[in-house]
Structures are given as C-alpha cells and as structure tokens.
Amino acid sequence: MPRTKSKRQQQIEAVALYPVDWLEERSGLVGGLKYFLFRKVPAETNWFHTLGSATLTAFIVQAVTGVILAMYYKPSAELNPETGVPIAYESIVSITNDLTLGWLVRGMHRWGASVFIILLFLHMGRVFLFGAYKYPRELNWLVGAVLLLMAMGEGLTGYLLPWDQTSYWATVVAININANAPIAGPFLGDFLRGGQEIGAETLTRFYSLHMLVIPGGLAALIALHLYLVIRLGITPPPWSQTAGGYDAQPNGGQPTRSGLVTPGPRGNGNGRPEDGA
Amino acid sequence: MADDLERPGEDVESQDPAAHLPAPSVWPFGFAFGVALVLVALVISSLLIVAIGAVIALVFGFLWIRAATREVRGAPPPEPEPEVVEEEEEAEHDGPPRLSRSLFLEGATIGVGAAIGGIVTLPAVGFMVLPAFLDQEYEKVDLGPLENYPADQWVVAKFRGTRKQPDGVARRTAYIRYNGQQEGTPSFTILSNRCVHLGCPVQPAGLTEEQAKEVETDGGPVEIFKTAPSNFTCPCHGGAYDTEGNRTAGPPVRALDRYKYSIRAGRLQLDEPYSVGKVKGTGGNAEIKAYDLVDPGQHVDGPEQFFYPYVP
Numbered sequence: 001m002p003r004t005k006s007k008r009q010q011q012i013e014a015v016a017l018y019p020v021d022w023l024e025e026r027s028g029l030v031g032g033l034k035y036f037l038f039r040k041v042p043a044e045t046n047w048f049h050t051l052g053s054a055t056l057t058a059f060i061v062q063a064v065t066g067v068i069l070a071m072y073y074k075p076s077a078e079l080n081p082e083t084g085v086p087i088a089y090e091s092i093v094s095i096t097n098d099l100t101l102g103w104l105v106r107g108m109h110r111w112g113a114s115v116f117i118i119l120l121f122l123h124m125g126r127v128f129l130f131g132a133y134k135y136p137r138e139l140n141w142l143v144g145a146v147l148l149l150m151a152m153g154e155g156l157t158g159y160l161l162p163w164d165q166t167s168y169w170a171t172v173v174a175i176n177i178n179a180n181a182p183i184a185g186p187f188l189g190d191f192l193r194g195g196q197e198i199g200a201e202t203l204t205r206f207y208s209l210h211m212l213v214i215p216g217g218l219a220a221l222i223a224l225h226l227y228l229v230i231r232l233g234i235t236p237p238p239w240s241q242t243a244g245g246y247d248a249q250p251n252g253g254q255p256t257r258s259g260l261v262t263p264g265p266r267g268n269g270n271g272r273p274e275d276g277a
Numbered sequence: 278m279a280d281d282l283e284r285p286g287e288d289v290e291s292q293d294p295a296a297h298l299p300a301p302s303v304w305p306f307g308f309a310f311g312v313a314l315v316l317v318a319l320v321i322s323s324l325l326i327v328a329i330g331a332v333i334a335l336v337f338g339f340l341w342i343r344a345a346t347r348e349v350r351g352a353p354p355p356e357p358e359p360e361v362v363e364e365e366e367e368a369e370h371d372g373p374p375r376l377s378r379s380l381f382l383e384g385a386t387i388g389v390g391a392a393i394g395g396i397v398t399l400p401a402v403g404f405m406v407l408p409a410f411l412d413q414e415y416e417k418v419d420l421g422p423l424e425n426y427p428a429d430q431w432v433v434a435k436f437r438g439t440r441k442q443p444d445g446v447a448r449r450t451a452y453i454r455y456n457g458q459q460e461g462t463p464s465f466t467i468l469s470n471r472c473v474h475l476g477c478p479v480q481p482a483g484l485t486e487e488q489a490k491e492v493e494t495d496g497g498p499v500e501i502f503k504t505a506p507s508n509f510t511c512p513c514h515g516g517a518y519d520t521e522g523n524r525t526a527g528p529p530v531r532a533l534d535r536y537k538y539s540i541r542a543g544r545l546q547l548d549e550p551y552s553v554g555k556v557k558g559t560g561g562n563a564e565i566k567a568y569d570l571v572d573p574g575q576h577v578d579g580p581e582q583f584f585y586p587y588v589p
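Protein chains in written order, with this note's numbering: chain A, 1 to 277; chain B, 278 to 589.
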C-alpha cells in the first residue's frame with residue numbers, strides 16, 4: 001500500500017535531514033557510519049560475539065572514570081607536613097571518603113579494571129575457540145595480543161597509584177620479576193623504578209605511563225583492531241556451514257567436509273555476498 | 278574488496294617487480310647502528326664505545342649523504358637507474374635529462390621530516406630513559422656512635438637511606454651486629470633487609486624491643502631496636518635465612534645482601550651495599566663471597582649466574 005506523506009511530514013523530514021546531508025556532503029561520515037552499522041554479518045553470530053564490544057565498553061568506562069579520577073588524584077610521594085601521610089595516599093582516601101560520589105567512580109575504576117582484564121581473556125578465548133585468528137585475520141590476533149599486554153601494563157602501573165603498603169610492595173615484587181627477564185631485564189627494572197630504588201620518581205612515571213602513554217597506545221591499537229574487524233568481517237562460529245567451507249546447501253545438503261585429511265574448499269568465510277571468487 | 282584478500286599459493290609476486298628490488302643503499306642501516314651504539318654506550322657509561330659508535334654514525338652518515346646526493350651533484354650513478362625513473366623520463370618530452378623533480382621532493386620531504394623527528398624525539402627519549410641509569414649512587418649514612426651497638430647484640434636500625442627522596446620512601450632498615458674487635462678494628466655484620474627473592478622486607482624471627490633508642494645524626498634520627506633473631510624470614514613468599522644471611526629455606530637464590538661500613542670519629546657509617554653468594558663461618562671470622570650489588574632474584578655464582586637473568 002503506497003503511503004503518501006502529508007506536506008507537513010515532508011517539511012519536517014527535510015528539516016531533520018538537512019544537517020545530516022550537510023555533514024555527509026562535507027565529510028562522508030554519515031555514509032561511513034551507515035556502512036559500519038548496516039554491514040553484513042554472518043547469520044550465525046551469537047552472544048559470544050558480543051565479548052569484543054563488551055571489552056571495548058569496559059575500556060571506555062576505564063577511560064572516562066580515569067580521566068575524572070585524574071582531576072582529584074595527586075601523584076606525589078611527598079609527606080603532607082601536617083599529617084605526615086603521603087599526599088598520593090591522602091588524595092585516594094579523600095576521593096574515597098570525602099568527595100561526593102568519589103567512592104562510586106573510584107570503585108568503578110578499581111573493579112572495572114578487573115572486569116576489563118577478565119573480558120579481554122574471555123574475548124581472546126572466544127576468538128581462539130572459534131578459530132577466528134586464522135587467515136586472513138592473523139594480524140588482528142597479533143594486535144589483540146599487544147592490546148592484552150598493554151592492558152596488563154595498565155594493571156601493573158595502576159596498582160601502584162594508591163601508594164599504600166600493598167601497592168608499594170606488590171610493585172617492588174613486580175618490578176623485580178621484570179628485572180629478571182632475559183637480556184633487557186636489569187635495564188627494564190631500572191627504567192621502571194626510575195633508578196636503583198623505588199621512590200617518588202617511580203610513582204610519577206607510573207602515573208604518566210598509566211594515564212598517558214599506555215592509554216594512548218591502547219586507543220590507537222583499538223582503532224586498528226576495529227578497522228580490521230570491519231574490513232575482514234566477523235567470523236561465523238565453527239559449527240556454521242559457512243565456516244565449514246560451504247555456502248548454504250552446495251550439493252543438496254550432503255556433508256562433504258573433508259576435515260583433517262584433505263583440505264576442504266575454502267569459503268570466503270566472511271559472509272559477504274560479493275565475495276564470489 | 279574481495280581481491281584485496283589474496284590467498285596463499287596464488288601467484289601474486291610478478292605484479293610489481295619494483296617492490297622486490299634490493300634497498301638502494303646500506304648506509305642508513307650503518308648510520309642507525311652507530312646511533313644505537315652511542316645510546317647503548319651512554320647507558321653503560323663507556324666512553325670508548327660512545328666514540329666508536331659516533332665514528333660509525335659519522336662515516337655511514339657521510340656515505341649516506343654522498344650516495345643520496347650523487348645525482349644532484351652530477352656524479353656518475355653507481356648502477357643503472359631504477360625503472361621508475363626511466364618511466365618518468367619516457368613520459369617527459371625530449372629535453373635535457375634531469376632527475377625527476379617529484380622524486381627529489383619526495384626524498385627531501387622524507388629526509389627533512391625524519392631529521393626533524395629525530396631531533397625532537399631523541400632528546401625526549403633520552404630524558405625519559407637516561408636519568409634512571411646515570412648518577413645512581415648509594416649515599417653514605419651516619420648510624421651514630423659505636424656505643425649504641427653492644428657486642429654480639431643484634432639491633433634493628435631504621436634510618437633515612439637517601440636525602441633525595443621524601444621521608445616515607447627514603448626509610449631503610451638494616452640488621453646490625455657488633456662482633457667485637459677484630460685485629461684491632463671493630464667488626465660489624467650488617468645485613469640488608471631486602472629479601473633476595475623479590476625484594477620484600479625480611480623480618481627478624483625473635484623478640485624485638487618495642488621502644489626504639491633514637492640517635493640523632495646529620496641525616497635525621499636513626500631508630501635502634503635491640504633484637505634476638507633465631508633467623509630472618511620474609512613475609513611475602515616464605516624465604517628464610519640464618520643469622521649470617523645464608524638461605525635456609527624458600528625461594529631466595531643467594532645470601533642476604535650486606536652493607537660495607539666504615540668507622541668515622543667513633544661513629545658507624547654505612548657505605549654502599551653489595552651482594553653475597555655464600556657466607557662461611559660466623560661473625561668477625563666470616564668468609565664472605567662478595568659481588569657487585571644485583572637485583573633480587575639474580576644468582577651471583579654457580580652456572581645459574583649466566584641464565585638468571587641471561588644478559589649477553
């Protein structure tokens with residue numbers, strides 16, 4: 001049934017679309033966003049495929065809460081002359097106990113860190129078990145591995161920042177473990193400590209690494225990771241016909257999978273209709 | 278889109294022969310090696326290697342510039358021009374042969390950009406890395422008059438190990454025993470409390486005075502507690518040491534580090550710490566295998582010293 005729009009409806013539509021068209025004409029961003037949102041994905045995607053975006057969400061939570069915490073946290077190992085307590089630890093206590101909603105945002109950052117790492121591993125396990133690291137996605141696996149290492153670097157550097165006994169001695173131990181790495185170990189230990197002993201410089205350089213260096217690298221690599229996901233498409237689960245090397249119903253539904261003995265025909269694996277060859 | 282994903286086994290190599298030409302010159306690699314050598318030598322404080330690296334960098338840099346500007350200077354080319362240039366010359370009409378302008382600008386842009394990037398980046402990276410390695414020395418610490426250290430009595434001494442750090446992280450602890458006079462000079466056993474497994478603070482297993490004796494020194498007050506340890510244990514991973522610092526149980530890989538000491542005007546002065554492989558004998562008669570201070574977890578003797586950690 002053809003719908004006719006009233007004149008008023010058409011006017012409203014035109015007003016709403018004008019800024020969108022303006023933006024599209026000058027940037028192509030709208031088309032890019034449409035391509036991203038409406039790209040084809042395999043029919044058999046399931047909840048396990050959401051682990052990657054869950055990890056991304058956890059990262060965004062860490063970034064936002066971290067930026068806000070940085071407005072109140074003071075990375076100084078100096079003692080407050082009035083109380084005799086290190087300023088860094090005092091600022092953490094103040095965020096947690098005194099400032100409005102500080103307990104919540106710090107709690108989100110502190111527990112969200114564990115969530116981030118856990119989701120990273122679950123996502124990695126999904127990719128491994130689904131064989132999603134195979135050709136042509138090997139590069140994205142490698143990028144993901146670097147992302148995992150950087151996330152753990154965030155964990156190491158962030159753990160020191162409360163500057164209490166636990167974080168201090170945990171960092172002593174962690175740096176000494178690093179210092180035992182072959183070849184670069186002793187240099188790495190001195191670099192992380194900022195000298196031969198843990199001190200005020202360790203706290204400030206861990207702060208810089210934690211909130212500037214590593215997050216910058218993480219954000220850049222996440223962008224590359226997502227670009228590759230969009231370019232290469234999403235892997236169907238291993239039980240899907242497409243992943244097995246068939247388009248749907250290649251020969252009347254008869255299984256012809258040759259499995260381990262002889263390599264089966266290579267499907268395009270990414271569910272794109274134009275991938276014929 | 279689909280054709281971008283070439284499959285292994287398909288012949289894709291013949292399409293772009295220029296991509297497989299050898300790199301035009303080895304000079305940039307030699308130059309980079311020289312610069313890297315200089316940086317490494319700065320880290321290990323070897324002026325000789327700095328000089329060698331500088332010479333390598335200068336020589337290769339000069340050769341690189343010479344090779345790169347060969348065409349501009351009108352020197353004969355060392356080998357036939359790559360195809361790219363020929364193609365461009367073909368495209369040009371008949372005129373005097375010339376280095377294509379675009380190629381020169383391309384090279385100049387990349388070269389100048391790299392130079393600017395290097396000028397900005399190298400000092401910044403040096404500032405990030407080098408202060409952690411240069412001018413690192415243990416300060417000498419005054420631990421007060423000798424009368425505070427009775428013979429054959431262990432004490433816990435808590436002191437400020439460095440003036441460069443705020444008080445909290447500058448605190449150090451040592452376990453000190455006066456062994457009496459040894460050939461006319463006072464003999465001390467001074468153990469560092471840094472566990473040689475992974476650096477946690479080892480504790481004396483024995484009763485310790487609750488009230489410290491405070492001794493005033495130029496470097497701030499030194500707190501001295503008498504104690505009577507049967508051994509030393511580490512709270513983190515269960516390392517245990519006897520009263521000479523030899524490992525008796527747990528994961529530590531060597532004996533506890535010790536401090537050198539000297540006597541200045543009747544006062545005990547703590548000098549730099551050193552690492553210990555094993556201690557035979559006790560007290561003033563102890564025979565100590567001493568090594569330069571290394572990080573916890575690192576072997577100083579035996580075949581393991583070459584592998585934990587492996588440093589070429």
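Simulated from the structure, these hints should not be mistaken for lab results. Honestly, I wouldn't trust all of these hints.
To be verified - Dumping the calculated EDC-like pairs for lysine to aspartate or glutamate here, alpha-carbon to alpha-carbon at most 16 Å: (1) B:Lys435 to B:Glu493; (2) A:Lys7 to A:Glu24; (3) B:Lys441 to A:Glu201; (4) B:Lys555 to B:Asp578; (5) B:Lys490 to B:Glu500; (6) B:Lys441 to A:Glu78.
Against the structure, the hints:
no. : hint                 : result
1   : B:Lys435 to B:Glu493 : holds, 12 Å
2   : A:Lys7 to A:Glu24    : violated, 25 Å
3   : B:Lys441 to A:Glu201 : holds, 10 Å
4   : B:Lys555 to B:Asp578 : holds, 9 Å
5   : B:Lys490 to B:Glu500 : holds, 6 Å
6   : B:Lys441 to A:Glu78  : holds, 11 Å
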